[in-house]
Amino acid sequence: MRAWLLGLLTAIGSVGMACSSSSDGSIFPDGGTGNGSHPGTSDTFGGSVTDDGGEGSSGGSSGNNGDAAACAVASAAAQLTPVNMVVMFDESGSMGDTTENPAYKPELRWIPVGDAMKAFFKDPESAGMSASITFFPMAPTVNRPEAPWKACATTDYNTAEVALSALPNAALADAITAHAPKGDTPTRVAVAGAIQQAQAIAAAKPTEKTVIVLVTDGEPYGCGATTTQQTKNELQSVVSEVSAVAATIPTYVIGVGPSVAALDAVATGGGTTAFHVDVGNPAKTSSDLSAALTAIRGNLTRCDFDIPAPSDGRAIDFNKVNVEFTPSGQATKTLPYSADCSDATGWHFDNAAAPKKVLLCDSACGTVRADTGGQINVSFRCEDRPDVIK
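All letters in the sequence shown, in the order written, are residues 686 to 1075 by our numbering.
Hints are not guaranteed to be accurate.
Claimed, not checked - Here are the simulated distance ranges between beta carbons:
#: 1; residue 1: Ala1038; residue 2: Lys835; range: 23 to 33 Å
#: 2; residue 1: Ser1023; residue 2: Lys807; range: 22 to 32 Å
#: 3; residue 1: Ser1048; residue 2: Gln921; range: 38 to 48 Å
#: 4; residue 1: Ala1029; residue 2: Gln915; range: 43 to 53 Å
#: 5; residue 1: Thr840; residue 2: Thr911; range: 17 to 27 Å
#: 6; residue 1: Pro1021; residue 2: Gly983; range: 11 to 21 Å
#: 7; residue 1: Ala838; residue 2: Asp1025; range: 44 to 54 Å
#: 8; residue 1: Thr840; residue 2: Pro1021; range: 21 to 31 Å
#: 9; residue 1: Thr913; residue 2: Ser1048; range: 12 to 22 Å
#: 10; residue 1: Ala1000; residue 2: Ala889; range: 41 to 51 Å
#: 11; residue 1: Gly983; residue 2: Gln921; range: 28 to 38 Å
#: 12; residue 1: Ala1038; residue 2: Lys790; range: 25 to 35 Å
#: 13; residue 1: Glu792; residue 2: Ala976; range: 18 to 28 Å
The set of hints was computed from the structure by calculation and includes no laboratory data. Every residue gets a Cβ at the ideal spot worked out from N, C-alpha and C, and that includes glycine.
Model the full structure from these sequences, guided by the hints.
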């Protein structure tokens, strides 16, 4: 009598934690199965696949019951990488200085942009990240009363107003509330200062991810850049500077308003894509900026598991992938499959037709990252192999 062997592939990874589980319910709407495999390595989880040498491995006997032998085991030291965000925030007059002539309306830029930024800093789903904030141009201070709103040296911006702090964090939000827009837009020296901040953080935290986020409503102006050509030169200098560090410190750009297309080059040089936020409708401005920040957070803090390749050549049965989370001191919960993350507490494949990764949806990822004593478990079963017989 011939019986097919059903192997079990378990991916183990620890998020300050570790990984493995089981379930047989179909996750594809049509009941079909995916096909394919992927080497057991991951930027996030760093896994590797090894044959465990147990009964039922490649070509071996299925043992006494023939239905649960492991075909391979993927092991990983799956530390979720902490993220450090250096925020350089434009507080120039065009963001909403009512004393300029003509006056700018703060309710169109400064207020909705600030509200979205404050909400991001205080959002529980930002857990696992840290952030600092610096404003440009630098406001008058006791030490620099001679150059109000026109500080033009990199050293004016290489120390954060609010130092790197774990999120969620109210102090970062309070800093925005304490400021008001005024002055020029010395983008080059501000970004140069942000780079120095980021480099210092990266040197102190070499195993963590450090990025720059530039929030601004226009091209550089002031500090020697007042003509069209000078502005172009200044912008090119910014591109060159962020390009020089992009391999280790990416720069994200959120451009607010209609005059931000030229800033796309800064994001490209920084190794990312720019986000454009329209103005005119304050509610939409705030919503769009929140969406941009959420997208950046999702890109930086994504919780993903590579799908390893069984060592005996079998394929993963994608109907039988199971994801479980055990919160600190609580019972294990099975996370639901949600192809479009309409259930944000669930998980999905990177590509349902040919999966290579299992990804947690935003809310699930935030929960896992915030619970340093919890455990996330992902398990896979292999399709039967006709050449493995009892």
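A quick look at each hint next to the structure:
no., hint, verdict
1, Ala1038 <-> Lys835: 23 to 33 Å, "violated (56 Å)"
2, Ser1023 <-> Lys807: 22 to 32 Å, "holds (26 Å)"
3, Ser1048 <-> Gln921: 38 to 48 Å, "holds (41 Å)"
4, Ala1029 <-> Gln915: 43 to 53 Å, "holds (47 Å)"
5, Thr840 <-> Thr911: 17 to 27 Å, "holds (22 Å)"
6, Pro1021 <-> Gly983: 11 to 21 Å, "holds (19 Å)"
7, Ala838 <-> Asp1025: 44 to 54 Å, "holds (49 Å)"
8, Thr840 <-> Pro1021: 21 to 31 Å, "violated (52 Å)"
9, Thr913 <-> Ser1048: 12 to 22 Å, "violated (46 Å)"
10, Ala1000 <-> Ala889: 41 to 51 Å, "holds (44 Å)"
11, Gly983 <-> Gln921: 28 to 38 Å, "holds (30 Å)"
12, Ala1038 <-> Lys790: 25 to 35 Å, "violated (48 Å)"
13, Glu792 <-> Ala976: 18 to 28 Å, "holds (20 Å)"
The structure does not agree with the numbered hints 1, 8, 9, 12 stated previously, though it agrees with the rest.
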